[in-house]
Amino acid sequence: MRVFMLGWEFPPFITGGLGTACYGLTKALDKLGVKVTFVLPSVVTDQNTTHVKLLSPEGIKDILKTQSRLFSNIKFHTIDSPLSPYDSAEVYKQRIEWALAQKQHVSITKGLNLEQLTCGGHYSGDMYTEVHRYAAVAAELGLNEDFDIVHAHDWMTYPAGIAVSALTGKPLVVHVHSTEFDRSGENVNQMIYDIERSGFHAADVIIAVSHMTRNIIISRYGVPAEKVEVVYNGVERDNGEWTLADSGIKKDEKIVLFLGRITMQKGPEYFLQAAKKVLEVMDDVKFVMAGSGDMMHRMIEMAAGLGIGQKVLFTGFLRGEQVRQIFRMADLYVMPSVSEPFGIAPLEALGHDVPVIISKQSGVSEVLTHALKVDFWDTDEIANKIIAVLRYPPLNITLRDYGNYEARRLRWEDSANKCAKIYEQMLVSV
Amino acid sequence: MASLVFYFQVHQPERLRHYTVFDKSSHYFDDHKNSAICKKVTNKCYLPANRLMLVLIRRHEGRFKIAYSITGTLLEQLERYSPEVLSTFHALAETGCVEFLAETYYHSLSFLYSRQEFAEQIYKHSEMMQRLFGQKPKIFRNTELIYNNDLANFIESLGHFDAILCEGADRILGYRSPNYVYRPRGCSKLKLLLKNYALSDDIAFRFSNRGWTEWPLTAGKFSQWVNRVNGNGYVVNLFMDYETFGEHQWEDTGIFEFMRHLPEEILRHPDNNFKTPSEAAACYEAVDTIDVPHLISWADMERDLSAWLGNAMQSNAIHELYRLERQIKALGDSTLVQDWRRLQTSDHFYYMCTKYFSDGDVHKYFNPYDSPYDSYINFMNVLDNMKKRCTPPKIAGTQKQDKAFSGEQSGAYLPG
Numbered sequence: 001m002r003v004f005m006l007g008w009e010f011p012p013f014i015t016g017g018l019g020t021a022c023y024g025l026t027k028a029l030d031k032l033g034v035k036v037t038f039v040l041p042s043v044v045t046d047q048n049t050t051h052v053k054l055l056s057p058e059g060i061k062d063i064l065k066t067q068s069r070l071f072s073n074i075k076f077h078t079i080d081s082p083l084s085p086y087d088s089a090e091v092y093k094q095r096i097e098w099a100l101a102q103k104q105h106v107s108i109t110k111g112l113n114l115e116q117l118t119c120g121g122h123y124s125g126d127m128y129t130e131v132h133r134y135a136a137v138a139a140e141l142g143l144n145e146d147f148d149i150v151h152a153h154d155w156m157t158y159p160a161g162i163a164v165s166a167l168t169g170k171p172l173v174v175h176v177h178s179t180e181f182d183r184s185g186e187n188v189n190q191m192i193y194d195i196e197r198s199g200f201h202a203a204d205v206i207i208a209v210s211h212m213t214r215n216i217i218i219s220r221y222g223v224p225a226e227k228v229e230v231v232y233n234g235v236e237r238d239n240g241e242w243t244l245a246d247s248g249i250k251k252d253e254k255i256v257l258f259l260g261r262i263t264m265q266k267g268p269e270y271f272l273q274a275a276k277k278v279l280e281v282m283d284d285v286k287f288v289m290a291g292s293g294d295m296m297h298r299m300i301e302m303a304a305g306l307g308i309g310q311k312v313l314f315t316g317f318l319r320g321e322q323v324r325q326i327f328r329m330a331d332l333y334v335m336p337s338v339s340e341p342f343g344i345a346p347l348e349a350l351g352h353d354v355p356v357i358i359s360k361q362s363g364v365s366e367v368l369t370h371a372l373k374v375d376f377w378d379t380d381e382i383a384n385k386i387i388a389v390l391r392y393p394p395l396n397i398t399l400r401d402y403g404n405y406e407a408r409r410l411r412w413e414d415s416a417n418k419c420a421k422i423y424e425q426m427l428v429s430v
Numbered sequence: 001m002a003s004l005v006f007y008f009q010v011h012q013p014e015r016l017r018h019y020t021v022f023d024k025s026s027h028y029f030d031d032h033k034n035s036a037i038c039k040k041v042t043n044k045c046y047l048p049a050n051r052l053m054l055v056l057i058r059r060h061e062g063r064f065k066i067a068y069s070i071t072g073t074l075l076e077q078l079e080r081y082s083p084e085v086l087s088t089f090h091a092l093a094e095t096g097c098v099e100f101l102a103e104t105y106y107h108s109l110s111f112l113y114s115r116q117e118f119a120e121q122i123y124k125h126s127e128m129m130q131r132l133f134g135q136k137p138k139i140f141r142n143t144e145l146i147y148n149n150d151l152a153n154f155i156e157s158l159g160h161f162d163a164i165l166c167e168g169a170d171r172i173l174g175y176r177s178p179n180y181v182y183r184p185r186g187c188s189k190l191k192l193l194l195k196n197y198a199l200s201d202d203i204a205f206r207f208s209n210r211g212w213t214e215w216p217l218t219a220g221k222f223s224q225w226v227n228r229v230n231g232n233g234y235v236v237n238l239f240m241d242y243e244t245f246g247e248h249q250w251e252d253t254g255i256f257e258f259m260r261h262l263p264e265e266i267l268r269h270p271d272n273n274f275k276t277p278s279e280a281a282a283c284y285e286a287v288d289t290i291d292v293p294h295l296i297s298w299a300d301m302e303r304d305l306s307a308w309l310g311n312a313m314q315s316n317a318i319h320e321l322y323r324l325e326r327q328i329k330a331l332g333d334s335t336l337v338q339d340w341r342r343l344q345t346s347d348h349f350y351y352m353c354t355k356y357f358s359d360g361d362v363h364k365y366f367n368p369y370d371s372p373y374d375s376y377i378n379f380m381n382v383l384d385n386m387k388k389r390c391t392p393p394k395i396a397g398t399q400k401q402d403k404a405f406s407g408e409q410s411g412a413y414l415p416g
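Order-wise, the sequence lines are chains R and E.
If you count by the working numbering, then the first sequence holds residues 1 to 430, one letter each, in order.
If you count by the working numbering, then the second sequence holds residues 1 to 416, one letter each, in order.
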């Protein structure tokens, strides 16, 4: 079984759940013996860290080559493109302007030819045109590869998926990690919606990460129900090494953690409102917002405005070991998402023995039973539950132990198995 | 001789309302929900079943007998929401063919935590049986048939009980049959009646299960099984939840029809009869001693206490609750004491059970909460409010204040 997979991010270049999901799934498919050609955009401008490096396409290829040695069946291809999964059209514009400026600077200082760096392609100034340009380049790549199935993740790759599938005649499966309704509420961007819709209709099979997402696809995009399958995400069990911090030395304050992109979809303002209510009853607790995003500055102001500024800490974007550290310090993890198609982060929290409170409006609440569930808007109830977990050790312990056990049963191996079965069914009907 | 001894457990808890850490009211119970459920069970079970029992008792002219154990918690709700049910129970009492058993008024686990409270609840319950039905109970059953030697000895020491009931669990019987009367270990007068769980559960659980090899169960078939006990035992103790009739087994399963024909099928065999638990205890001698050093119950497959005390939350909640006993009783506020007692109903802890939670089973079905964690949080919030009612607010001493302002303190922080 050979799959031409159009993805987004791959470690170490991760900005959110999409990259984590692609990684987990691909790794598990690799173990099953499925051969994957993984295509991703290659201009990675790490907006989220304080010092930004421009990675040349060669540099990226080297890093990915090291990665591919870890996998027996995976090949990487990069397409030079500044597309990034969480950008809006405006942010995209800023990014390529920045990227082009950087390249010019580099070429001047190092005397390199600009053409060499851009690998023969010119970025489009506007995101939608870039998406279609990317599709054209991907289609060319596809013609030179040998595979049975095309697998595209989230909207930016759908035109590429459609193009490759049309040119090669191979069936297309489209993997929905989020829809425009999750990201933007009711103010959907019509162009993105149209791309999503055309992707859904062109695909032979659609994979949704939860029943919640499946329902949105069926009801909002006019897709027949038989076309949509549900494959839940899994979670990597990667706890790093046991350090002195794990020895249980107590700190005097409790820590309640929000970890994720600080954007409307994740409900950060509900987190802060609940925090205020908690602080009216309990004093020895700190709230940590780990992550960055378009609402971060507004949240900093909101915390100050609510009068809880000294109790709320913003860490900025965390990766790797920092994420593990923050989980180890946390007493409780809260995910007040407004609309979360799945939500891998609570599973990671449970893997680090942190009990979780999750929004009922999330895909992961379909699979977790040992978690506290709330409606994202019900900040009284969120506060009620936070206080209970912090006050009553038996609740904390029971949620932690059972939750950890439950999270372990959600493995990428099972997701990969389901995908492989879906692939097989698709080939039979072709 | 096969004497069928029917005993029906009749109970509904008073459920708590949604109570957050921000709530300050001392009204803890969800009257709306409790009344709705009470009325529903009244129509589906209590009224039709009571009427059926009355018909059967009259038809068989005193040869059909049954027993009930009705909790105080339910009786209070019936008084408030469905008084017509009480009049049917009165009618049953007046037939002379119905025995009322004793248990803890609040369907509590108090035996495990406070003998004093346990005895008070039994007394209160027996007193209510006397007042409502004109009977002083002689047979005792503990909440959910929780039982051990210790319990039996305590009950015997109270002096006015003839027999006690428990689950006929395999591990205490060994090769022996539950169809005899026994003596609890350590007792000299008290007798022990053990539930025949196979036959009881055939009616209470398996009755409507089409996958069961014996489905459909008819009165004729069942009485054949009972007949086999002849020569092999004296009593067939059929102990079950009264809600078997209409709630656990819905009317359309034919459960009422089954019961309607059962007495005549049983009585067809001249050696069979029906006895109340008192009659059975009086009629048959104890054939052996049963030793139950560890606590057993009639709950789940395990037949132990894990349904109420299986995890840290349950154990913590119950300990915190009983810790308040002395304080609450000392304050002499009868409303506070009553609220405290209503929190003792075992159902509150049953809802916190995490056994099989992921698999979603019978625990979940009767659970008014979305999850055991929600139930624990709710209960502890209520308990917290109750604790505050126990400690009167401290009046800030003016002396203390002056000292603080005058700066004479060494800097030590005075807790207020």
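If you are wondering where the hints come from, they were derived from the structure by calculation, not from laboratory data.
Mixed in with the good hints, there may be bad ones.
[Said to hold, decoys possible] Lysine to any residue pairs mimicking SDA-like chemistry, simulated, CA-CA at most 20 Å apart:
| # | chain 1 | residue 1 | chain 2 | residue 2 |
| --- | --- | --- | --- | --- |
| 1 | R | LYS373 | E | GLU117 |
| 2 | E | LYS355 | R | THR369 |
| 3 | R | LYS276 | E | LYS355 |
| 4 | E | LYS388 | R | LYS360 |
| 5 | R | LYS277 | E | PHE22 |
| 6 | R | LYS373 | E | TYR356 |
| 7 | R | LYS373 | E | THR20 |
| 8 | R | LYS360 | E | GLU257 |
| 9 | E | LYS388 | R | VAL367 |
| 10 | R | LYS373 | E | PHE22 |
| 11 | E | LYS355 | R | ARG391 |
Evaluation of the provided hints:
Restraint check for LYS373/R and GLU117/E: not satisfied, since their Cα atoms lie roughly 37 Å apart, outside the 20 Å limit. Of the pairs offered as hints, the one joining LYS355/E and THR369/R holds, with about 12 Å between alpha carbons and a cut-off of 20 Å not exceeded. Restraint check for LYS276/R and LYS355/E: the C-alpha separation of about 35 Å exceeds 20 Å, so the hint is violated. Under the criterion of a C-alpha separation no larger than 20 Å, the hint pairing LYS388/E with LYS360/R is inconsistent with the structure, at around 33 Å.
Between LYS277/R and PHE22/E the CA atoms are separated by roughly 9 Å; this keeps the pair inside 20 Å, and the hint holds. A hinted pair counts as satisfied when its Cα atoms are at most 20 Å apart, and LYS373/R with TYR356/E qualifies at roughly 18 Å. With a C-alpha separation of about 15 Å, the suggested pairing of LYS373/R with THR20/E holds against the 20 Å cut-off. Of the pairs offered as hints, the one joining LYS360/R and GLU257/E is violated, with about 44 Å between alpha carbons and a cut-off of 20 Å exceeded.
Restraint check for LYS388/E and VAL367/R: the C-alpha separation of about 38 Å exceeds 20 Å, so the hint is violated. A distance of roughly 18 Å separates the Cα atoms of LYS373/R and PHE22/E; the hinted pair therefore holds under the 20 Å criterion. Between the alpha carbons of LYS355/E and ARG391/R the distance comes to roughly 23 Å, so the proposed pair goes past 20 Å and is violated.
In the structure shown, a violation is registered for the earlier hints numbered 1, 3, 4, 8, 9, 11, in ascending order.
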